[in-house]
Structure formats: structure tokens, C-alpha cells
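Protein chains in written order, with the numbering used here: chain A, 4 to 318; chain B, 4 to 318.
Among the hints, erroneous ones may be present.
As the list makes no split between identical chains, a pair holds if one copy fits it or if it spans any two.
Unchecked claim - Below, computed lysine to any residue pairings styled on SDA-like, alpha-carbon distance capped at 20 angstroms:
#1 K72 - I138
#2 K109 - T31
#3 K109 - E273
#4 K294 - E263
#5 K315 - A266
#6 K315 - L270
#7 K110 - L270
#8 K109 - L270
#9 K294 - T31
For the record, the hints were derived by calculation from the structure and aren't laboratory data. As the structure is a computational prediction, the values presented were derived from the model and not from experiment.
Number of protein chains: 2
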Amino acid sequence: MISLATIREAHDRIRPYIHRTPVLTNHTINDRVGAELFFKCENFQKVGAFKARGGLNAVLQVAEHQEGKAITTHSSGNHAQAVAFAARQVGMPAYIVMPRTAPQVKKNAVRNYGADIIECEPTLDAREAGVRDVIERTGAVLVHPFDDDRVIAGQATAAKELIEDFGTEKSFDTILAPVGGGGLLSGTSLITHYLSPTTRVIAGEPEGAADAILSFRSGRVEKAPYINTIADGLMTNLSERTLRLIREHVADILTVSDEEIIAAMRLVWERMKIIIEPSCAVPLAAVLKHKDQFAGQRVGIILTGGNVDLGKLPF
Amino acid sequence: MISLATIREAHDRIRPYIHRTPVLTNHTINDRVGAELFFKCENFQKVGAFKARGGLNAVLQVAEHQEGKAITTHSSGNHAQAVAFAARQVGMPAYIVMPRTAPQVKKNAVRNYGADIIECEPTLDAREAGVRDVIERTGAVLVHPFDDDRVIAGQATAAKELIEDFGTEKSFDTILAPVGGGGLLSGTSLITHYLSPTTRVIAGEPEGAADAILSFRSGRVEKAPYINTIADGLMTNLSERTLRLIREHVADILTVSDEEIIAAMRLVWERMKIIIEPSCAVPLAAVLKHKDQFAGQRVGIILTGGNVDLGKLPF
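I would like the entire structure built from these sequences, with the hints used as guidance.
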């Protein structure tokens, strides 16, 4: 049970280490949608993504309670950087299991935070085996990317700030976040339930990794029919934990194609002059696709991250 | 003579129409330079560039004093959009003479502000002839991109905000701006002279359009030895007016190669997650190239604009 007090404590704990990221608006995009959009810019967060929040909240508690001698996780993306960054803040060694196929630029970023990288084959089995091996060898504590209450409570602080800064005088009608493993979405829906109960929380999901919408409907953790999307941060399945929270507090999941994701990403780059990664563009793509659902509304959107390989842009 | 009072009046005049753009900092870039950099983000300005300031200050006065029935200028870049935008604010027709080779995306932007485009051959002579023709035909008033005290006073307000927000408690050691025709640089050096007289103003100029450094040394308006640079906003020569102000108030001009410009642009995109255009990266490129000159300093940098063609990126 992640209470409001738990999320408040998480926020107090991580506040000295994170940016209170700005909330931006854009007239052109508002005009195009016919709604008032408020973008919470976690692309400006430490490590370039909201993942710093969950990683810090978990790692700071591991250090505080002396739960282990080191931190480990497996990730090819922003969570790897987040855990490496958080471990450095508390002076603990971090062992990050990364698929050998992960981009060199991401490996470099993790190494720059002083973490050790353990390369493995690019399969979930190999990644989990790599982590088990690290734990046996080093006594490290696993900080899972999303199946962890402390991580979820940390991710919840992004929407907490958004609501505190722009949703108290006049509530949001809707808040949107993308869904991959569901850590951010769980946290977002929980804190919105606590602080702004009349606000609907809606998720955006890529058509090419459409597991969450199936799981949301069936009530069981389902796999996606196929995985093929530019939104590389959203390929993961939900866990029992995140599915339960999402079924309880999320109103709907909307899916979008890669074409729609790229168009939304380009719109933000061109009009807002900020860099967001493809996964980050999924909620805006859903709003652009389903304008009627949001007409005249006050809508919060969590822009999740800005880590893109500039050598491999989709336009 | 552009007095401090003139610049303050300009600021009061344009304030309702512009954004007070944020000033961003970045630890990684600071570490790399060994100085404390403060980036004034005019890439977030209306029309995506500082040019909105000068265009507004001129056009608002033309309207107020009923100097003519319409506005005209020649520009293939951000000044075209700025004048079109400003004319729309006062409900005046705008006739923008643009080379027929200007990118379609820029023509569309100008048209979206309701301005008429007059296409001409891509030479300075043809552009000036086009403007003369518009003036005869329509009674329009020319708002020159930089050779105009009202435009210069408007551009000065960017550095004014930067100094007001971050340079009063502890002065900047240096403020940098790029130099093309010299409107921004003149205004920046003037207002810095008035508000923060101990601060040095330094310009960055592309090696492939190195007219200002020659003019700065000789005291005459010189042409560049050759024009070949990715910084398409900085290809223009100075005018007598801007040269005089720059000789009086600017400490130095540093030149950088296109390779250095692209590297600085990429650094800002990757680390700050914001979109800047090549011309805009020139001052940072100069700081990165001449770190020793800025070591330990408090340095203000005007990021001038963010209008790039995403289909033609240099990386």
C-alpha cells in the first residue's frame, strides 16, 4: 500500500537531488488540439528522464537502512542511468546488467556515473540471470525498474509537482502518462487519486507494444501480440503490482501508431523547441488522435524523457 | 544615440507581446568549460528567436506614430517571421521580400502570420529593389533587420533581462552574443555598458562569414573573405551604425569553424535537451574553443534562436 504519506516522504527524500522541472505550455499545440495542455518537462530531469525520481527514492532507502553493500539492476535505458546516478549520490557501488546490444552512448552514460556494467545477451532471462549473479557475488540489492513500491512512489512525485504547480486552483480534467512496465503510470494515477480525485488518468501506449491495454481489459498480465515500435522505453510488460494499481486508478489506455508518435515528437521539437524521446511523445500522440475526448479540457501531460540518439532520428 | 531610457521604453513597449524567456544552466557544460554559464533562451521566444524583440519595437512605433500604411522588410530568416508577427499584432499589412530560394518552411511560417511574400532573386540587389518597389506601391515603412536604432534597442532587451535576472547581485564577467549584421551584438553591448559596466561583451563569428572581425579591426565595413558556413543567420555584413557601436562597446570577436559550431550545437541538444539553431551555437563554440579566457568566470550567453529544419540536421 503506497499511501499519500509514503509519496510525500519520497518527495522529501529525493528533493535535494532532483530538479523541480518546469511546466510548459504552447499556444500552437493548444490551438491544434482545442484544449489547454500543461507539459511537465521531465526531459529536463537529472539523467534526462523521470526515472531519476524512482531510482533515487529506492537507492536512498537502501543506503539509509543499510540493506546491502551495493545496488544492481538490469536495464538498457533510462533506469540504468537513474540507478547509476542514485548510487553515486550515496557513494555505493552500482552493478548494471545491460544487454551487449545496448547503444554505446547509453553504456558510456552509465559508466560516467561511476557504475560497473555487466554485459549479457539481449534476453530477459539473461538479464535476470546476470542480476542474480551480481547479487550472489556482491551482496547487491536489486532496484527493479517498476515492480517496486519505492520506485513507484518516486515516480509519483512528477505528477505531484504538476498538480501542486498547476492543478490546485483549477483541477486538471485529465492527466496522461505513457505506459511501459507501468511504474510511472501507477504512481501518477495513485497521486492523482489522492490529490485531485476528479481528474481522470489516461495512458498512452504504442500499438507495437500493446500489452497494457490487453492486461487492463482482461485483468491478467498479458503479453503484447507483437513488439515493433520506435518507443523503446515502453516495450516492457506490466507486473501484477502495476496492473492492480492501474486497473484501480486509470480510466483508459489509448494506443497510437509509430507514425503518430513521430508526428507528435516532431510537433514538440518544432513548436516547443525542446528535445523529447519517442516514448515521451506517446501521450500527446494519443491526445492529437482523440481530440474530441479532450476538447475544452485542462490536460496535464508528463513528458518523460529526452534521451535520443541524434545520429538516428526518425525525421 | 540609444540611451538607457530608450532601451527601457523599448522593453515596456514590447513586454506585453514577448515571453520573458528562462535562463538555464547545465552542470555538465559548466564542468567541461570550467566556468559558470547562464544561457538566455531566446529559442523559446515568440517566432522562435530574439528577432521578435527588435521587430516588435520598430513595428509598434511605426503603428503608434502612423508612419505608414504597411510594413516591409527583406529577409530569408527569423527577421521575416518577426516582422510578419509584429505587423499582425498591430493589424497592419506586411510585405516580406524573400529570395525565391528560401526554404518552403520559412515561407509558410511568414504566411501563417498573415504577411504577403514577394519573391525575388537571391541577391542583395534584388532584395533591396523588391523592397523599394513595395514602398512605392504600398506606402510601406521599411524595418531593416539590424541597421535601425529601434531594432537595436529591441534586441538589447534580451541581455537586459539576462542581467536583471542573473547579473545584479554578482555581475557577469563576460556576456557573449553571435554577430551577423550586428543588431543583437550592438544592443547587447550597449545595455551591458549601461547596466553592468565591468562586464566584457564578446562576440562569436563563424570563420565562414568573417566580416565583423575584419571590420572590428580596420574600423571600416569590410566584406568576408568568403561565405561558407552552416550558421545561416550570420552571413550578413555589419553596417556603419552597428560597426560604430561594436567598436565602442565590444571587447573582442572570436571566430569558430563549422565543425566547432556543430559540436557546440550537439552538446546543447544532448545535455540541455533544447533545440537551438546553428547560428545560435556560435558563442558557446567560442567559449569551448577558448576555455582559458573564461576559466572560473560567470558567463552569460544569449541563445538566439531555435528554428531548424529537422529534415536537414548536421548530425
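How the hints compare with the structure:
Taking the shortest alpha-carbon separations for K72 and I138, only the intra-copy value of 10 angstroms comes in at or below 20 angstroms, while the best inter-copy value is 77 angstroms. In the homo-oligomer, the alpha carbons of K109 and T31 lie at most 20 angstroms apart only across protomers (16 angstroms), although the nearest pairing inside one protomer, at 33 angstroms, exceeds that limit. In this assembly of identical chains, K109 and E273 lie within 20 angstroms of each other by CA distance solely across copies; the values are 12 angstroms between and 25 angstroms within a copy. Taking the shortest Cα distances, K294 and E263 sit within 20 angstroms of each other inside one copy (13 angstroms), while across copies they are farther apart (43 angstroms).
Taking the shortest alpha-carbon separations for K315 and A266, both the intra-copy value of 16 angstroms and the inter-copy value of 16 angstroms come in at or below 20 angstroms. For the identical chains of this complex, K315 and L270 are neighbours both inside a copy (18 angstroms) and across copies (16 angstroms), given an alpha-carbon limit of 20 angstroms. Proximity of K110 and L270 under a CA criterion of 20 angstroms is satisfied inter-copy only: 18 angstroms between copies versus 29 angstroms inside one chain copy. With identical chains, the CA atoms of K109 and L270 are at most 20 angstroms apart between copies only, with a shortest distance of 16 angstroms across copies and 25 angstroms within one.
Taking CA atoms no more than 20 angstroms apart as the test, K294 paired with T31 passes inside one copy only; the shortest distance there is 14 angstroms, against 39 angstroms between copies.
Hint check: no violations occur; every hint is consistent with the structure.
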